[in-house]
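*Asks:* Order-wise, the sequence lines are chains Z and W.
In terms of our numbering, the first sequence is residues 139 to 219.
In terms of our numbering, the second sequence is residues 139 to 219.
Check before you lean on any hint, since a few could be wrong.
Identical copies go unnamed one by one, so any copy, or any two together, can satisfy a pair.
Capping the alpha-carbon separation at 25 Å, the derived lysine-lysine pairs in BS3-like fashion look like this [stated by the list, open to error]:
| id | residue 1 | residue 2 |
| --- | --- | --- |
| 1 | 178 | 149 |
| 2 | 199 | 178 |
| 3 | 199 | 148 |
Source of the hints: derived by calculation from the structure; they are not laboratory data.
There are 2 protein chains.
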Amino acid sequence: MKAIVRVALKKTVLDPQGRTISAALNSQGYAAVRDVRQGKYFEIDLADGLDRAAAGAQVHKIASDVLANPVIEEFAVEIRD
Amino acid sequence: MKAIVRVALKKTVLDPQGRTISAALNSQGYAAVRDVRQGKYFEIDLADGLDRAAAGAQVHKIASDVLANPVIEEFAVEIRD
Numbered sequence: 139m140k141a142i143v144r145v146a147l148k149k150t151v152l153d154p155q156g157r158t159i160s161a162a163l164n165s166q167g168y169a170a171v172r173d174v175r176q177g178k179y180f181e182i183d184l185a186d187g188l189d190r191a192a193a194g195a196q197v198h199k200i201a202s203d204v205l206a207n208p209v210i211e212e213f214a215v216e217i218r219d
Numbered sequence: 139m140k141a142i143v144r145v146a147l148k149k150t151v152l153d154p155q156g157r158t159i160s161a162a163l164n165s166q167g168y169a170a171v172r173d174v175r176q177g178k179y180f181e182i183d184l185a186d187g188l189d190r191a192a193a194g195a196q197v198h199k200i201a202s203d204v205l206a207n208p209v210i211e212e213f214a215v216e217i218r219d
């Protein structure tokens with residue numbers, strides 16, 4: 139069983155790295171790009187035999203305790219079989 | 139229209155950062171974690187009026203030219219309305 143965790147700065151927090159990428163893309167001719175936000179992405183391989191709900195709860199705890207800084211970042215967890 | 143691009147090291151490339159996170163989680167008692175791979179994640183806000191196929195093609199080009207290093211990294215593009 140796999141879990142995908144995406145961590146990104148909250149929408150209300152300025153993301154200078156994303157801004158820079160967006161400006162760079164615009165200057166390279168990608169005019170359709172209006173904004174870019176960058177974040178981290180974790181693919182967690184979990185032991186088999188965990189049920190989906192338990193896996194979700196555990197990964198949620200891992201994300202909020204270890205992978206993300208809840209003060210300035212938000213995260214999303216997705217469980218895949 | 140939004141595009142999500144996930145960039146991660148190829149499966150054949152050692153990911154020391156992911157290994158470290160995995161070991162740290164195990165030592166904190168998360169025994170169900172077998173492996174972690176870390177990558178980058180970009181949320182690209184695109185201008186309205188692009189059709190889905192054109193947006194996909196453009197973001198695919200952005201990902202392979204700018205966001206990822208195709209020698210050691212692989213990427214996945216997802217278009218959302």
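*Asks:* Each hint needs a verdict: does it hold in this structure or not?
*Replies:* Hints, one by one, checked against the model:
1. 178 x 149: both (15 Å within a copy, 17 Å between copies)
2. 199 x 178: both (17 Å within a copy, 21 Å between copies)
3. 199 x 148: within (18 Å within a copy, 27 Å between copies)
Figure legend: structure checked against the earlier numbered hints; every hint is met.
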